[in-house]
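Undergrad: Here the structure of chain A is known, so what remains is to put chains B and C in place on it, guided by the hints.
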Amino acid sequence: MYVAAKGGERAIQQAEQLFRELNGTFDATFVRLIERHMPYLIDRVMGEGSLYAPELAALALAQTGGDLYEAVLLLRAYRSTQPRLAYAEPLDEAHTFTVRRISAAFKDIPGGQYLGPTLDYSHRLLHLDVLDGRDSAPASPDGATGDPIDKTGAADLPFDPHPPALTDWHRRYGLLAPLPDLPPHDPASVPDVTRDPIHFPAPRAHRLQSLARADTGGVLALGYASMRGYGMIHPTVNEVRLGYADVRLRHPVSGALFSAGRVRVCQGEVVTPAGSGSDAHPSTNGAAPPAALNPGFTATIGWNEVKVIAGAMLDLEMEAANAHPAHREEFVLYHTEAVEASGFCIHFKLPHYVTFNSSLDAIRRAYAAVQQAEPQ
Amino acid sequence: MTLAELARPAQDYSYAFLDEFAKREVRRRILKAIAIPGHQVPYASRELPIARGWGTGGLQVTLSIAGPHDIVKVIDQGADDSVNAVNLRRFIARMTGVATTSDAQLATIIQSRHRITEERLREGQVLVLQVPDPEPLRAVEPNISLAREMHADADYALMWLGLYEQVVRFGTFMTGASYPVVVHQRYLMSPSPIPRWDTPMLHQAAHLTLLSAGREKRLYAVPPYTDVRPIEFEDVFFQVENQQGRICEQSGAVNKFMNEIPQPDGSMCYQASDTGYVEKLVRRARGEPVAIGATYYDDDGTFYHPGYLKEQEPDHR
Amino acid sequence: MTSLAFDLPRLLTTAPLLRARRLTKHYGAIPAVAGVDLDVYPGEVLGIVGESGSGKSTILRLLNLEEAPDTGDYTLTIDGYRGRNLFTLDRYDRRALRVRHIGIVYQNPLHGLRMHITSSGNVAERLIMAGERRFATLRNAARDALDASEFPLARMDDIPRRLSGGMQQRVQLAKAIALQPMVLLLDEPTTGLDVSVQALVLDTLKRIQRELHVATIIVSHDLGVIRTLADRVLVMRHGRVVEHGLTDQVLDDPQDAYTQQLVAAKL
Chain A
1 MYVAAKGGER AIQQAEQLFR ELNGTFDATF VRLIERHMPY LIDRVMGEGS
51 LYAPELAALA LAQTGGDLYE AVLLLRAYRS TQPRLAYAEP LDEAHTFTVR
101 RISAAFKDIP GGQYLGPTLD YSHRLLHLDV LDGRDSAPAS PDGATGDPID
151 KTGAADLPFD PHPPALTDWH RRYGLLAPLP DLPPHDPASV PDVTRDPIHF
201 PAPRAHRLQS LARADTGGVL ALGYASMRGY GMIHPTVNEV RLGYADVRLR
251 HPVSGALFSA GRVRVCQGEV VTPAGSGSDA HPSTNGAAPP AALNPGFTAT
301 IGWNEVKVIA GAMLDLEMEA ANAHPAHREE FVLYHTEAVE ASGFCIHFKL
351 PHYVTFNSSL DAIRRAYAAV QQAEPQ
Chain B
1001 MTLAELARPA QDYSYAFLDE FAKREVRRRI LKAIAIPGHQ VPYASRELPI
1051 ARGWGTGGLQ VTLSIAGPHD IVKVIDQGAD DSVNAVNLRR FIARMTGVAT
1101 TSDAQLATII QSRHRITEER LREGQVLVLQ VPDPEPLRAV EPNISLAREM
1151 HADADYALMW LGLYEQVVRF GTFMTGASYP VVVHQRYLMS PSPIPRWDTP
1201 MLHQAAHLTL LSAGREKRLY AVPPYTDVRP IEFEDVFFQV ENQQGRICEQ
1251 SGAVNKFMNE IPQPDGSMCY QASDTGYVEK LVRRARGEPV AIGATYYDDD
1301 GTFYHPGYLK EQEPDHR
Chain C
2001 MTSLAFDLPR LLTTAPLLRA RRLTKHYGAI PAVAGVDLDV YPGEVLGIVG
2051 ESGSGKSTIL RLLNLEEAPD TGDYTLTIDG YRGRNLFTLD RYDRRALRVR
2101 HIGIVYQNPL HGLRMHITSS GNVAERLIMA GERRFATLRN AARDALDASE
2151 FPLARMDDIP RRLSGGMQQR VQLAKAIALQ PMVLLLDEPT TGLDVSVQAL
2201 VLDTLKRIQR ELHVATIIVS HDLGVIRTLA DRVLVMRHGR VVEHGLTDQV
2251 LDDPQDAYTQ QLVAAKL
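Chains as they are written, first to last, in our numbering: chain A, 1 to 376; chain B, 1001 to 1317; chain C, 2001 to 2267.
Worth double-checking, as some hints may not be accurate.
Stated by the list, open to error - Distance ranges between label pairs, derived from CB positions:
no.: 1; chain 1: B; residue 1: E1149; chain 2: C; residue 2: R2133; range: 20 to 26 Å
no.: 2; chain 1: A; residue 1: P201; chain 2: C; residue 2: A2068; range: 16 to 22 Å
no.: 3; chain 1: A; residue 1: D181; chain 2: B; residue 2: L1146; range: 32 to 38 Å
no.: 4; chain 1: C; residue 1: R2084; chain 2: B; residue 2: A1154; range: 58 to 64 Å
no.: 5; chain 1: A; residue 1: G24; chain 2: B; residue 2: E1149; range: 52 to 58 Å
no.: 6; chain 1: A; residue 1: D181; chain 2: C; residue 2: Y2092; range: 49 to 55 Å
no.: 7; chain 1: C; residue 1: T2088; chain 2: A; residue 2: D92; range: 45 to 51 Å
no.: 8; chain 1: B; residue 1: R1229; chain 2: A; residue 2: R195; range: 33 to 39 Å
Stated by the list, open to error - Some chain C residues near chain B, calculated using beta-carbon distances under 10 Å:
no.: 9; residue: R2091
no.: 10; residue: Y2092
no.: 11; residue: R2095
no.: 12; residue: R2100
no.: 13; residue: I2117
no.: 14; residue: T2118
no.: 15; residue: S2120
no.: 16; residue: G2121
no.: 17; residue: N2122
no.: 18; residue: A2130
no.: 19; residue: G2131
no.: 20; residue: F2135
no.: 21; residue: A2136
no.: 22; residue: T2137
no.: 23; residue: M2156
no.: 24; residue: D2157
What the hints assert, rightly or not - Selected chain B positions facing chain C (Cβ under 10 Å, derived; list incomplete):
no.: 25; residue: A1157
no.: 26; residue: L1161
no.: 27; residue: G1162
no.: 28; residue: F1233
None of these hints come from the bench; they were simulated from the model. Keep in mind the model is a prediction, meaning the values are calculated, not measured. Think of the CB as a built atom: it goes at the ideal place given N, C-alpha and C, for glycine as much as any other residue.
Chain A with its partners taken away, still in its complex shape (with noise of 0.2 Å):
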């Protein structure tokens, strides 16, 4: 009885204690090593709850049972209460510590490609010998056994922690349209989807901030979707890079900038060749011949390389003249939204009866209209 006529506090009260007794107390420590152990978990929910604050979102994990829909829904409700003290200066390669980047492009490119930390050429097997006991080992090697990792070795190459885009050698031959020649925006006046509704053809900066925080499942589906065909681009991965941040603030007194700090950070970019199968890059201005590629990017707070490889690729996609239509803008960004998405679909368990009841009348309407209708 969940509409129970005098009982509803108390059962709500039973139902969430109910929750804790069976996921059990938890305290700091716990969440600590969440946030210790679980970095890729703690990125998702802060990338979907866009904030970025991995002891909030592990206690959110903690205090959901690891429910990830409701740990983002929790990082979100509580952003919603944070004033805007500052903007922090734009991202660039210069003040992002890089510890990873791939591209599918070439087989080298300018500044070197770095795997990184990376499972993607790990056997996937279970450690099962963890569960006797044994302490999990850095990979090595053979798989098995073998040395564990020379962690003061010389790299074989020098390492530059900060290599330049790909996109500036592409620039550099005309193959991607040149950046706009615009002063340094103010940060304060770029449009913020957290403040203003979105409306269609949406800003840039709010279809790329709809996808840093999209839901990571949802991108993917609508991404996969284009990538096994019913997609009109055939992109390439330009660049996949993860790194850590700077957080510049210029000071609001003496005016210096400074770093508040350091975050994860990934972006995704892949490139396309104009006019295949989309040709609806109206990215000619002018004089300049038009750009033989076609770029797509997405960029999110954490690490988490599906979102944004998938997200890139929609980003392209969403450009397409005669986009599939499970690939158009306001498709795309309304049905990835996490939290929306998650919250309407459960809101559905909650009674409908007055709803139902209307209908029900109708449909008796119509059974009267019907036997009326009747030969008498």
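TA: Below, chains B and C without anything else, positioned relative to chain A:
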């Protein structure tokens, strides 16, 4: 002095949860909505500690307009004790310090999902309706950019085409709740999923109605004493749900919107859906002094604006 | 370029109802219509022939105000619109004009009909758009227009998806004439129908055109259709008019080399 002393406590939330900028934005949008009756005004719509789709639109409006002296009533399907209503009421009270009530006469703000009270609301009261889908054109035009153009042009022909089809196929209008209305002879509006029984209550009402969809980020308003007309033909009329012959088993009320509760023996039992109203009827029956306001429909089922609801002659095909 | 000096149709000495000048429309770099002039007189049928890609259907879309031209003037001698270039109307006025005064039948019924709405509803929509809000009036008008289009009334509440191609075209026609428009645009109305059905639909078109005395433009690649219906004909190629004149004259004694080819291929 330590950093901990300088920082505010972690569990500190603003009054009414939302920060002042967010509340100010909502209030500005409300003013715009009142100025353009029935027109959907986009707003940023912050996330709240309640799942999206569970009343976050109504909640943002209530939190933005409530002050410490307000008295708030929250109902879901007409019930004050529905778990969702309880939850929202607890949250509003916790964050704003308002008093709460189940008495529609005492409340200054009534937040509701799917119902309007049976007792007439009066001037100065605000009804906040939670809206899942603010767009009445959604069924005929899912693309909101195109739907906005249709609103701009007052191009609502497809809605009447829908009515035509229903009458041709079924001999009657088939829309259940969320029956579309035209506000102030201009904008087509979804009244939120209230039953048709409640739709006329919006017409020339003394109170202000604010409708808000948090997930869809739109809010709109019906100002006091504004025309609200359900879409219908000049010769086939809008009909409210038939409540004839139903008696509330708890209060004896008649000609009010009834919940139908199927019984194991195959029969149907009826309970008035407005639990605040039922509670007062029960208390009065026990001899307690209780003020019950005039209702929109009298005990004969007659609506208080004469001529607004019209009897329908049978089949039209 | 076409000259402005059309041959005056027989028996017509009044001013043209429809007048279009310098119609031009490009799709990308491709000129679909390149500087076409045309006039249609009250009650007259103008045929436009040409192979696919000649721009003839584009002209109908322009005249139906579905698409904006690159350049061009378009006037109708109708109260309220006299002397206005209809291409400059805003969305709202454009819609009002189309609903009231222009009927169109497309080759593909998917373009002209709502496939999940009853046939009578498809016709009634036009009256609803014009503001009619009485169910009985909508019902009767739909029935009358379908009847005039020789559509079997027993099926008036079937959805078009369940109808034959010929019947679908009759529903489109009923929808086009439901408000007795001043202009009727026919875009390959019988293409794709069986020959026998085609003849019947053509008969209906001809009868309705005469009864309503409506200025009509019919676009077809089928010279037989043009000969049956059109008083005058324009021959189009690569977006331009290569020849124009009275239908019999042009089809029996084509002057332009392309028209000669067209006629020879047909006969």
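Undergrad: Run every hint past the structure and note whether it holds.
TA: These are the hints, each one checked on the structure:
1. Evaluation of the 20 to 26 Å hint for E1149 of chain B and R2133 of chain C yields a pass: the beta carbon distance comes to about 22 Å.
2. At about 19 Å, the beta-carbon gap between P201 of chain A and A2068 of chain C stays in the expected band of 16 to 22 Å.
3. Separated by about 35 Å at the C-beta atoms, D181 of chain A and L1146 of chain B satisfy the suggested range of 32 to 38 Å.
4. Here the CB-CB span from R2084 of chain C to A1154 of chain B is close to 22 Å, at odds with the stated 58 to 64 Å.
5. Distance hint check for G24 of chain A and E1149 of chain B: the Cβ-Cβ separation is about 54 Å, which falls inside the suggested range of 52 to 58 Å.
6. The given range of 49 to 55 Å is broken by D181 of chain A and Y2092 of chain C, whose C-beta atoms sit roughly 40 Å from each other.
7. At about 48 Å, the CB distance of T2088 of chain C to D92 of chain A agrees with the hint of 45 to 51 Å.
8. Judged by the Cβ atoms, the range 33 to 39 Å given for R1229 of chain B and R195 of chain A holds: they are separated by roughly 36 Å.
9. Because the beta carbon of R2091 of chain C sits about 6 Å from the nearest beta carbon in chain B, less than 10 Å, this interface hint is met.
10. Because the closest C-beta pair between Y2092 of chain C and chain B is about 5 Å apart, less than 10 Å, the hint holds.
11. Proximity of R2095 of chain C to chain B holds as hinted, the smallest CB-CB distance being about 7 Å (cut-off 10 Å).
12. A cut of 10 Å between beta carbons decides the hint on R2100 of chain C: the least distance to chain B is about 13 Å, and the hint is violated.
13. Evaluation of the I2117 of chain C hint against chain B yields a held restraint, the C-beta minimum of about 6 Å falling below 10 Å.
14. Hint status for T2118 of chain C relative to chain B: holds, with the closest Cβ pair at about 6 Å, below 10 Å.
15. Annotation: interface hint on S2120 of chain C holds; nearest CB of chain B at approximately 7 Å, less than 10 Å.
16. With 10 Å as the threshold, the beta carbon of G2121 of chain C comes within range of chain B, its nearest partner Cβ sitting at about 5 Å, so the hint holds.
17. A cut of 10 Å between beta carbons decides the hint on N2122 of chain C: the least distance to chain B is about 9 Å, and the hint holds.
18. A least Cβ separation of about 9 Å between A2130 of chain C and chain B falls short of the 10 Å threshold, and the interface hint therefore holds.
19. A distance limit of 10 Å between C-beta atoms decides the matter here; for G2131 of chain C the minimum to chain B is near 9 Å, and the interface restraint holds.
20. For the restraint placing F2135 of chain C at the interface with chain B, the shortest Cβ-Cβ distance is roughly 4 Å, inside the 10 Å limit, so the hint holds.
21. Hint status for A2136 of chain C relative to chain B: holds, with the closest Cβ pair at about 5 Å, below 10 Å.
22. For T2137 of chain C, the suggested interface contact is upheld, since its CB lies about 8 Å from the closest CB of chain B, less than 10 Å.
23. The closest approach between the C-beta of M2156 of chain C and any C-beta of chain B is roughly 9 Å, which is under the 10 Å cut-off, so the hint is satisfied.
24. At about 5 Å, the closest approach between the beta carbon of D2157 of chain C and any beta carbon in chain B falls short of 10 Å, and the interface hint on this residue holds.
25. For the restraint placing A1157 of chain B at the interface with chain C, the shortest Cβ-Cβ distance is roughly 4 Å, inside the 10 Å limit, so the hint holds.
26. Here the hint on L1161 of chain B is kept, as its CB sits about 5 Å from the closest CB of chain C, short of 10 Å.
27. Using the Cβ-Cβ criterion of 10 Å, the hint placing G1162 of chain B at the interface with chain C is satisfied: the shortest such distance is roughly 9 Å.
28. Interface restraint check for F1233 of chain B: the shortest CB-CB distance to chain C comes to about 4 Å, inside 10 Å, so the restraint holds.
In terms of the numbered hints stated before, the structure departs from hints 4, 6, 12, listed from lowest to highest.
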